[in-house]
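K.L.:
Residue strings, one per chain:
There are 2 protein chains.
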Amino acid sequence: MSETAFQDEYPDNFSYCYGCGRLNEHGLQIKSYWQGDEAVCVYTPREHHIAIPGFVYGGLIASLIDCHGTGTAAAAAARQAGRPIGSEPPFRFVTASLQVDYLKPTPLGVPLEIRARAVEIKGRKVVVEESLSAGGVVCAHGRVIAVQVPENFVS
Amino acid sequence: MSETAFQDEYPDNFSYCYGCGRLNEHGLQIKSYWQGDEAVCVYTPREHHIAIPGFVYGGLIASLIDCHGTGTAAAAAARQAGRPIGSEPPFRFVTASLQVDYLKPTPLGVPLEIRARAVEIKGRKVVVEESLSAGGVVCAHGRVIAVQVPENFVS
Chain A
1 MSETAFQDEY PDNFSYCYGC GRLNEHGLQI KSYWQGDEAV CVYTPREHHI AIPGFVYGGL
61 IASLIDCHGT GTAAAAAARQ AGRPIGSEPP FRFVTASLQV DYLKPTPLGV PLEIRARAVE
121 IKGRKVVVEE SLSAGGVVCA HGRVIAVQVP ENFVS
Chain B
1 MSETAFQDEY PDNFSYCYGC GRLNEHGLQI KSYWQGDEAV CVYTPREHHI AIPGFVYGGL
61 IASLIDCHGT GTAAAAAARQ AGRPIGSEPP FRFVTASLQV DYLKPTPLGV PLEIRARAVE
121 IKGRKVVVEE SLSAGGVVCA HGRVIAVQVP ENFVS
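Chains as they are written, first to last, in our numbering: chain A, 1 to 155; chain B, 1 to 155.
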């Protein structure tokens, strides 16, 4: 696994995201790392992140897939460019489209592992495919189309 | 507008959802109502629900579309059956598939209005199309495929 999480390389003004910002104290603060060609994120939902008691809330699953997807997009674009995510100008992506297929109810109480792969990098667009598993069982598939933020969008 | 929110008709054991459960004190507790053939939900994101400062977190938008979608599915199935959502056996739906297209950055600080329409009701499946707007400007489109929970799934 890479040593530094993608999100810990984001510049400060991109680090307030509820899902992945290290500076959002109310948020999920997910962390994503390279493991070969796949990006991996492990997150254990909190007790209140439920849909039906005992099962994880689908909106949380969508949030994990969303932020791990944009993180993977940034890391893949940075890797392709041969420079760090946070180097100038930094790689910052937002979601244009999010698709989640819920294959099975996801049990609460175990860490969830989300594995992602950038399947297309074209200009400012990166397509990321993801799978989310609990205890080794794949419970959801995700697909994120991420677009690089224009440099003048955030000061 | 209908007087009672769909979610306030859910039985107690289906009311702990992080997105829409009236009994989840940490959750969003969204409320959905009929307005003619459309279901409407208004939600004002909290200050920490941000992606980039000033703009709403996409995972929250996905969560709103998810829960308003399953709520609309339950209400549409109940309406078609000619009996209340909470009457026995109650109408309870989960999400099989969620699609969100983010059309514009969604500004923080104003109420978001999500309008939904059940475009297909077939057996235990309901397809819901949604749009989310801020200050009258549509910022996201959503599509939820909701499936009725088997009666023996939740005791």
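Any given hint might turn out to be false.
Given that identical chains are not distinguished, each listed pair holds provided it fits within a single copy or across any two copies.
No farther apart than 25 Å at their CA atoms in a straight line, the calculated lysine-lysine pairs in the BS3-like style are these [stated by the list, open to error]:
#1 K31 with K125
#2 K125 with K104
#3 K104 with K122
Simulated from the structure, these hints should not be mistaken for laboratory data.
K.L.:
Of all the hints given earlier, name the ones this structure violates by number, lowest first.
P.N.:
none
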